[in-house]
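Chains as they are written, first to last, in this note's numbering: chain B, 1 to 309; chain V, 1 to 309; chain A, 1 to 275; chain G, 1 to 275.
Because the hints were derived from the structure by calculation, they are not lab data. Misleading hints may appear alongside valid ones.
Derived list of chain V stretches under chain B, where covered just means 3 residues or more per stretch with a C-beta under 8 Å from a C-beta of chain B [stated by the list, open to error]: (1) 169 to 181; (2) 192 to 200; (3) 251 to 257.
If you anchor each label on the Cβ, the simulated ranges turn out as follows [to be verified]: (4) Gly66/G - Gly9/V: 50 to 60 Å; (5) Met1/B - Thr265/G: 46 to 56 Å; (6) Ala11/A - Arg91/V: 51 to 61 Å; (7) Gly66/G - Pro8/A: 52 to 62 Å; (8) Gly290/V - Leu68/G: 43 to 53 Å; (9) Arg91/V - Glu175/G: 55 to 65 Å; (10) His289/V - Gly46/G: 23 to 33 Å.
Heads up, the beta-carbon is just placed ideally off N, CA and C, and yes, glycines get one too.
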Amino acid sequence: MADLAVRIGSLRLTNPILAASGCFGYGVEYADSLDLATLGGVVVKGLFLREREGHPPPRIVETPAGMLNAIGLQGIGVHRFVAEKLPELRRLGATVFVNICGSTLDEYCEVARVLSDAAGVAALELNISCPNIKEGGIQFGCSLTGTYEVVSAVRKVTSLPIIPKLTPNVTDVASFARAAEDAGADAVSLVNTFLAMAIDVETRMPKLSNVMGGLSGPAIRPIAVRMVWECRQAVKLPILGMGGICSVSDALEFIIAGATAVQVGTANFVKPFIWSELIDGLGSYLDRHGYPSVTDLIGQLQLPAREHA
Amino acid sequence: MADLAVRIGSLRLTNPILAASGCFGYGVEYADSLDLATLGGVVVKGLFLREREGHPPPRIVETPAGMLNAIGLQGIGVHRFVAEKLPELRRLGATVFVNICGSTLDEYCEVARVLSDAAGVAALELNISCPNIKEGGIQFGCSLTGTYEVVSAVRKVTSLPIIPKLTPNVTDVASFARAAEDAGADAVSLVNTFLAMAIDVETRMPKLSNVMGGLSGPAIRPIAVRMVWECRQAVKLPILGMGGICSVSDALEFIIAGATAVQVGTANFVKPFIWSELIDGLGSYLDRHGYPSVTDLIGQLQLPAREHA
Amino acid sequence: MAVDVFAPVLANTRLSPDYNVLALAAPQIAALARPGQFVMLKTSSGLDPLLRRPFSVFEHLRDADGALQGISILNKRVGVGTAQLYEARPGDRISVLGPLGRPFVPVHPPAAAWMVAGGVGLAPFATLAESLADRATPMTLFYGGRSASDLYYESFFARLGAELVLTTEDGTRGESGRVTQPLERALSTCPAGQPLAIYACGPTPMMRAVAALGERYEREVFVSLEPTMGCGMGGCYSCVVRVRSGTGSHFVRSCLDGPVFDATTVVWDALQAGH
Amino acid sequence: MAVDVFAPVLANTRLSPDYNVLALAAPQIAALARPGQFVMLKTSSGLDPLLRRPFSVFEHLRDADGALQGISILNKRVGVGTAQLYEARPGDRISVLGPLGRPFVPVHPPAAAWMVAGGVGLAPFATLAESLADRATPMTLFYGGRSASDLYYESFFARLGAELVLTTEDGTRGESGRVTQPLERALSTCPAGQPLAIYACGPTPMMRAVAALGERYEREVFVSLEPTMGCGMGGCYSCVVRVRSGTGSHFVRSCLDGPVFDATTVVWDALQAGH
Ligand SMILES: Cc1cc2nc3c(=O)[nH]c(=O)nc-3n(C[C@H](O)[C@H](O)[C@H](O)COP(=O)(O)OP(=O)(O)OC[C@H]3O[C@@H](n4cnc5c(N)ncnc54)[C@H](O)[C@@H]3O)c2cc1C
Ligand SMILES: Cc1cc2nc3c(=O)[nH]c(=O)nc-3n(C[C@H](O)[C@H](O)[C@H](O)COP(=O)(O)OP(=O)(O)OC[C@H]3O[C@@H](n4cnc5c(N)ncnc54)[C@H](O)[C@@H]3O)c2cc1C
Ligand SMILES: Cc1cc2nc3c(=O)[nH]c(=O)nc-3n(C[C@H](O)[C@H](O)[C@H](O)COP(=O)(O)O)c2cc1C
Ligand SMILES: Cc1cc2nc3c(=O)[nH]c(=O)nc-3n(C[C@H](O)[C@H](O)[C@H](O)COP(=O)(O)O)c2cc1C
Ligand code: FES
Ligand code: FES
Chain B
1 MADLAVRIGS
11 LRLTNPILAA
21 SGCFGYGVEY
31 ADSLDLATLG
41 GVVVKGLFLR
51 EREGHPPPRI
61 VETPAGMLNA
71 IGLQGIGVHR
81 FVAEKLPELR
91 RLGATVFVNI
101 CGSTLDEYCE
111 VARVLSDAAG
121 VAALELNISC
131 PNIKEGGIQF
141 GCSLTGTYEV
151 VSAVRKVTSL
161 PIIPKLTPNV
171 TDVASFARAA
181 EDAGADAVSL
191 VNTFLAMAID
201 VETRMPKLSN
211 VMGGLSGPAI
221 RPIAVRMVWE
231 CRQAVKLPIL
241 GMGGICSVSD
251 ALEFIIAGAT
261 AVQVGTANFV
271 KPFIWSELID
281 GLGSYLDRHG
291 YPSVTDLIGQ
301 LQLPAREHA
Chain V
1 MADLAVRIGS
11 LRLTNPILAA
21 SGCFGYGVEY
31 ADSLDLATLG
41 GVVVKGLFLR
51 EREGHPPPRI
61 VETPAGMLNA
71 IGLQGIGVHR
81 FVAEKLPELR
91 RLGATVFVNI
101 CGSTLDEYCE
111 VARVLSDAAG
121 VAALELNISC
131 PNIKEGGIQF
141 GCSLTGTYEV
151 VSAVRKVTSL
161 PIIPKLTPNV
171 TDVASFARAA
181 EDAGADAVSL
191 VNTFLAMAID
201 VETRMPKLSN
211 VMGGLSGPAI
221 RPIAVRMVWE
231 CRQAVKLPIL
241 GMGGICSVSD
251 ALEFIIAGAT
261 AVQVGTANFV
271 KPFIWSELID
281 GLGSYLDRHG
291 YPSVTDLIGQ
301 LQLPAREHA
Chain A
1 MAVDVFAPVL
11 ANTRLSPDYN
21 VLALAAPQIA
31 ALARPGQFVM
41 LKTSSGLDPL
51 LRRPFSVFEH
61 LRDADGALQG
71 ISILNKRVGV
81 GTAQLYEARP
91 GDRISVLGPL
101 GRPFVPVHPP
111 AAAWMVAGGV
121 GLAPFATLAE
131 SLADRATPMT
141 LFYGGRSASD
151 LYYESFFARL
161 GAELVLTTED
171 GTRGESGRVT
181 QPLERALSTC
191 PAGQPLAIYA
201 CGPTPMMRAV
211 AALGERYERE
221 VFVSLEPTMG
231 CGMGGCYSCV
241 VRVRSGTGSH
251 FVRSCLDGPV
261 FDATTVVWDA
271 LQAGH
Chain G
1 MAVDVFAPVL
11 ANTRLSPDYN
21 VLALAAPQIA
31 ALARPGQFVM
41 LKTSSGLDPL
51 LRRPFSVFEH
61 LRDADGALQG
71 ISILNKRVGV
81 GTAQLYEARP
91 GDRISVLGPL
101 GRPFVPVHPP
111 AAAWMVAGGV
121 GLAPFATLAE
131 SLADRATPMT
141 LFYGGRSASD
151 LYYESFFARL
161 GAELVLTTED
171 GTRGESGRVT
181 QPLERALSTC
191 PAGQPLAIYA
201 CGPTPMMRAV
211 AALGERYERE
221 VFVSLEPTMG
231 CGMGGCYSCV
241 VRVRSGTGSH
251 FVRSCLDGPV
261 FDATTVVWDA
271 LQAGH
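Produce the entire structure from the sequences given, and follow the hints as far as they go.
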């Protein structure tokens, strides 16, 4: 059986299949249905320093092969997370990635500090790409200097692996991966959701209370795979790829395009027991194709002799 | 029965439903199945000055609720188009929009000149957004100055309405609409396809010979609607909206978001007889909701009292 | 503990052009399900639609020997997913995730139980009525629909000993008008000494009206709300309902803290429009 | 002229675990369809999959009085759309667009017609055989499959007077090996004076081999190619095949200029991999 372990900087994951932020609550919600320790990692919901109420419903709407969400980062804040959820996650043996948000550089740093002092956090995913809130993250994530600043600021206050999560709502995502690399990131995650909207034509009102939301799900997968491949060519950093993964073959597309690990978000809503299917399926693919380790498959895209791109 | 006529600059369309470029051949292919005169307009396949061979197959691959294409702008060139297709299109009473491409500013201008001298062209759609070819368009479409330059250059050589077609593969599409407006465009079209890729995990080769292709179809609709709405707020120009329109209600979303007219691409592959459904359905919606004219519906999005965007 | 069962359709009984009862061979879920809990159904095997849809567990299905066979759901066709369930055929397989959510808490005698159902809001009450019957709790079903053809399963509830009070908006069956009319009369005449719990499920305006009556007559009301749900497992935070907490109020996930709520805690003005 | 018919499924006859014949009530298309033409089927009513799929018109269906009832298609399950057609049930409705493409040109006596079919490549030959029979053109069907269970409809062709030459790769029926073996023997023994047209449909390597034999023995070969097709109407330029033109070569749309091509014009090396 092939070796599924991968490394994200100093961090070793038993397998490259992670639950994506905001699609798996704080992880504990799934504890009595799943053994969280079997996942490569659990990326918990985006956390600010303080509690956040989030947007009023409707917060989601389904779209063709996808969904829009404008949850608005409802959350319990980093302190309650450390006090109420983290101990339980440790007890369950989960590899905990915390997705952190901030309205200011200081807030990112403060949240990072709190989590660095707490026991049981494996890595920090910097959410600089949430499309759903004015004041948080995205203004950093859509500017190269902003991205550089957040990453280097957080770099100074923590020794945990830091993984900025990139937005796809930019012209050249690879340049943002480079900025993250230059600023000392240990890896990059992509993609977050695509800014989008849906309109109820009978009322002529937006279907989301927040007007706009983030598009996720299978619909975006081909764009996300392309972005992972672009970043793979631009940086040496490990890439955590995501966007519409619903099956082993979807996950393989990301790995072949250059992702060291993948995250699954929307598909977890449809198949909460998808994890073993993905982990086992990945193993048998590697065996079938004669790869001793998943690391041998990363970025193995074969370009056709006659290339036009 | 409500009035479906709309104006694009000096041009009057009997209705706002157009066939999108590259999804309707040169129009003549559909002549014995449809009365082309009943469409608001026919946007013909992208044309360079000279013939182009296009990319080798496979040129398309289906993806969730969408498809990737990398046709590579196979085409007969503007001179053969004027000689072989345009007379027929005139005879059929089609309102002909020509989608023009160029590798250089001069080529755009030359193609525009040729078409301005020919009889039977209603408007020029400037394709500065094809993701599938290195040398054509996109390098203009992804830079504000490039967009400004192409539009103002073509503006100098033609009195036909010119409609730059914007790419969605940018951080701020509205700024491109503004650049087009400043440069003297009569309208803007959006969106072209999203740069994307799909991988055959068994061979580890890209599914398209061109490696990357453009994503179209229902999958992208929520992003396209958002972009139309952003442009609506940024410019006064009429907007030709498109991206995944498959039904009357899809078309209405774009109009309510701010599109003066809409184009249908991928859906024509599935429903080549969709046109009457869309045109009649639009009329009955307007009647049902008491709008004397479709122009009264353009941009009528109602924002909720409590706004978060 | 929720399980995901890829359940064969045992039967699809059409009750009307938009109502049907779908029998699903998911004994594991039947064994776990308590009154008022729900399941998330994948109405198509493909991506259209992508997300599951929430449905109350309607009946516990048993074979001749009384062994649990599965569950049924009472489905009302309102869109793409419910239309697929309306079209489902025996032998089709549907992925059933559940049971999910906080159940109703059935009261015991001497307390009486009043169930107030509007339309498809009848669904969670079949199982509630069964467990009330087990407890010999005296029960009444106030059941309203648009017209006679929208009222189903009265005999099911009658067999369990429920008193039936029916209303139709067009007067074709029972009292003409809203179900809250007879409810209010009953409340006004019910002796204060008689302990009572009211359970309501139906259109939001109806549940809100029942909640108001509950406050006026100082009776406990439990409502089963129906917000849009993305996952049903607490993962997405899409299903929130604003509830009072101390002085303020905050959003809770109705898939975990609901769908059944004490009506007095619900901030009705903050409920998702349309439901 | 193509029409789009939302056709009820009349019957679905399963021939094997991956082959079925689907009868579709589209008399308008049956009336227009000529040998070798194809239809584009929307295999699901929803968006999964999104695009139509191309299928040869297999049979013209007639009722007892000989009136055209519709068409059938011979379907081989290879993916999501063909799986949906394999599962289709009588009463389902499937949107059928057609007829499309350039038909075969049936030869007249004294010319003989040889049809070379590999697997599901049999599909376009049922209608071709009928019109050859109308012309009393002597015909032979060279038909190869993996094994005996992959060969169908021999009696159909026999009834029309076709001589049958069967091969299976595992030797369970007819000659063991490739269909091109008996074809080559027949070519080598066929008197030069005997005019002859060869029609081939099947896996690309097979058609290419037949084309090579045609060149070697200087016989006309017409192949029916199967590139991926997005629209079938000439709108998308996805279905291109590289053909020789004078000195050079260029891409033509096989939905308009094909799917039937004179084999000598096809640039085989440029054909889409895998098909
Ligand atoms: C806990 C719970 C239990 C439920 N139990 C049942 C039940 O037993 N039987 C039953 O028929 N339905 C029940 N519902 C409602 C059911 O989930 C929706 O009707 C269904 O999700 C609609 O899916 P659709 O694809 O058919 O509609 P869509 O195509 O998604 O939407 C079509 C229309 O239905 C409306 N709609 C969407 N979701 C809901 C919703 N949750 N409630 C009301 N309207 C909605 C949309 O606003 C839209 O106008 C329950 C909902 C919840 C939350
Ligand atoms: C003119 C024409 C006539 C045809 N006639 C018939 C017929 O009579 N009966 C029949 O069963 N099939 C026929 N085909 C092939 C049929 O169209 C494909 O098998 C079908 O489109 C596959 O769809 P899918 O959704 O099942 O496969 P997908 O899920 O789309 O793909 C699954 C696998 O099938 C392969 N595939 C996709 N398209 C084709 C194709 N065009 N040819 C071969 N493999 C393909 C893919 O590469 C992939 O490996 C014809 C094709 C053409 C172009
Ligand atoms: C309901 C929902 C909530 C999300 N919340 C967050 C979040 O808090 N932080 C974050 O970085 N990404 C968040 N995301 C984005 C996902 O983590 C993921 O990047 C995106 O959904 C694409 O993956 P998918 O297609 O597998 O869902 C959220 C997505 C959804 C659908
Ligand atoms: C096969 C194909 C070919 C296309 N060719 C062109 C083209 O030549 N010029 C152009 O501006 N857009 C082209 N497009 C983009 C469409 O015109 C349209 O902008 C896009 O597909 C989104 O609309 P849709 O989702 O309705 O298809 C093409 C799209 C497809 C699918
Ligand atoms: S439905 Fe996802 S959290 Fe309740
Ligand atoms: S399939 Fe679209 S052009 Fe041939």
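These are the hints, each one checked on the structure:
Only residues whose C-beta sits within less than 8 Å of a C-beta in chain B count toward coverage, and the region 169 to 181 of chain V has 3 of them, enough to reach three; the restraint holds. Coverage of the region 192 to 200 of chain V by chain B holds in this model, with 6 residues showing a Cβ closer than 8 Å to a Cβ of that chain against a need of three. Coverage of the region 251 to 257 of chain V by chain B holds. Counting CB-CB distances below 8 Å, 4 residues qualify, and the rule asks for three or more. For the hinted restraint 50 to 60 Å between Gly66/G and Gly9/V, the CB-CB distance of approximately 59 Å keeps it satisfied.
Checking the proposed 46 to 56 Å range against Met1/B and Thr265/G shows it holds: the Cβ atoms sit about 52 Å from each other. As the Cβ distance of Ala11/A to Arg91/V is approximately 60 Å, the hint placing it in 51 to 61 Å holds. The beta-carbon spacing between Gly66/G and Pro8/A, approximately 42 Å, falls outside the hinted interval of 52 to 62 Å. Here the CB-CB span from Gly290/V to Leu68/G is close to 47 Å, well matched to the stated 43 to 53 Å.
At about 56 Å, the CB distance of Arg91/V to Glu175/G agrees with the hint of 55 to 65 Å. The supplied range of 23 to 33 Å is met by His289/V and Gly46/G, whose beta-carbon atoms lie about 27 Å from each other.
Consistency with the previously given hints fails for number 7 only.
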